[in-house]
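Full structure from sequences and hints, please.
This is what each chain is made of:
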Amino acid sequence: MRPIIEVEDLIRHFGATRAVDGVSFTVDAGTVLGLLGPNGAGKTTTVRMLATLLTPDAGRARIDGLDVVTDATRVRAVIGLTGQYAAVDEKLTGRENLWMVGRLLGMDRKQAHDRATELLDRFRLSDAGDRQVRTYSGGMRRRVDLAVSLVGRPAVLFLDEPTTGLDPVSRIEMWDVTRELVSDGTTVLLTTQYLEEADELADRIVVIDNGKVIAQGTADELKDRTGGRTLEVTLAEPADLDRAVGLLHGLGDRRVAVDPQRPGLSVPVDDDTEFAAGVVATLSHAGVAVTDFRLDRPSLDDVFLALTGRATGTGDGTGNGDGDGTGNGDGTGNGDGTGEGDVTTTGAPS
Amino acid sequence: MTAATGAPAARRGPGSMLHDGWILTWRNLVQLPRTPELLLFTLIQPIMFVLLFTYVFGGSIGQSLPPGISYAQFLIPGIMVQTLVFSTNSTAVGLADDLQKGLVDRFRSLPIARSAVLVGRICSDTVRLAMVAVVLVLVGYVVGFRFEAGLGWGLLMIVTAVAFGFSMSWIMATIGLSVRDAETASTAGFVWLFPLTFVSSVFVPVTSMPGWLQVVARNNPVTLLSNLLREFTLIGRPAAGTVLPVLAWMVGLVVVFAPLAVSRYRKV
Ligand SMILES: Nc1ncnc2c1ncn2[C@@H]1O[C@H](COP(=O)(O)OP(=O)(O)O)[C@@H](O)[C@H]1O
Ligand SMILES: [Mg+2]
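From first to last, the protein sequence lines are chains X and Y.
Counting in the working numbering, the first sequence runs from 1 upward without gaps.
Counting in the working numbering, the second sequence runs from 1 upward without gaps.
Hints are all accurate, no fakes.
List time: in silico DSBU-like cross-link candidates among lysine-lysine, alpha-carbon distance up to 30 Å:
| no. | chain 1 | residue 1 | chain 2 | residue 2 |
| --- | --- | --- | --- | --- |
| 1 | X | Lys91 | Y | Lys267 |
| 2 | X | Lys91 | Y | Lys101 |
| 3 | Y | Lys267 | X | Lys212 |
| 4 | Y | Lys101 | X | Lys110 |
Hints were generated in silico from the structure; no laboratory data involved.
Quick look at the structure:
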């Protein structure tokens, strides 16, 4: 079957900025594609071109077989767009926003009214539906914004960083809604700065940086390329470090990174939790006092390190929501603290 | 397989332009009573100007008017032009605000007429101009203004003033779509209105200005329009050669700025 989104060599420059510089990918109907990249990677620019808001300098994109440039009006009847910031009219009520879009989509008054009620119910906004949107909380705004983009039952939905800046509860809610939509058959293209989010929702992930696709595949494939999970062990005594490294070398030829300041060790373990448990057991049996150990999932920073050999440079920017603080925070922390040691660790497995 | 079962077919053509433009006009109009600051600015400012000018300057300026014409008779048509010209600023602010808040993107991602956002904005702002004009006439009646030449000419004065405001809205639309945010739009749409309305016959007869300024003031469209409106209300018949220049300005503004605004809208 033909993919519902086809992107071929899409290019858009702003002056000297190569915002999107030859991006290609396809999305099969009924699946979720995660477009993953740091701030400024070109995610929004790509989405805006696919949503017919921006004309590409070169390349082609088709939605449901329709060209986004030459067939823009028909493309708009197929898509829904929820941008990075809630684009709803603050002076109108939630219901009026939904009603207005229904009317603009050609529904009569009653159809538009019924559809608005249906969506307000679905997004738990029935009580707030007749209040002006400016009185809504951030999470409610996002929900009404998403509801507005669903009025016309789009076959393809673009979600541009749908959870950036949301509190953890609203974020999980957004994820649930997205899953529901997909189970109804909607195709979703979701952009995000969080590997965790792409991991949760996306069937396939396209990683972009500086306007170029630097990797694509399933979440598992990407994690394999980053070396999967890392076991972080903290020791009571810095003096034990050398002995600990020796013991670990005895367990296999994995690369061990040493952090004398913590003091501790990092060992890539991929998904081998048994091996991780073995490491901790071996150390304690040998009398090395372990004060803490844990498995770290790769953060976007780790993916970037693995794919490009450099940090994203936006570690702080990505951490603004506290949702996945641990993952991102640690990635940045390691990178700053013992830069070289970590690069070797994560770079090794390939 | 897809969820698009109920998606309405894309509509095109002028029918949808009127329909979509009307929906967006509705959207802007229902906001009006919910935006106290805009209402206040719309209604209080003209009232204040009429009262201030009539009672503060009326005495001295009234001296330089032709005999038989009260300052209120002179002032109201001028104030109407001035107020409507200033009120068009909200077209720039409204569009810049919609741009900044991402609403223009939202509308442009829908299968609706491309011009609908502009049409909706300008139509609703024109309705607002008409409201302002009516309020002004009512306040005018309190301070002694009358439709001397009858109601018909009075209504023609209102319609002409609002039509001029409509054509100026296209300049404001171009400004609103060319700047980054609503504050800039407000300033950029505002500053040049001061010389435009003050170097004119709105508040004082042009003959009271220094010679070099008279040249500018005489050819200012605001002067041409104010004088025409005075002829409508006082004499009930425009003097020879006063209609055409005003009409030319109105048509000219629309012909130049409507395409500019539309092309700015396409590129945002
Ligand atoms: N309208 C624009 N004018 C100039 N530069 C832009 C514009 N839009 C985006 N850019 C630049 O293009 C690059 C990609 O931006 P964007 O697509 O917004 O990235 P992302 O959404 O991944 O954060 C950035 O360097 C950004 O500054
Ligand atoms: Mg973005």
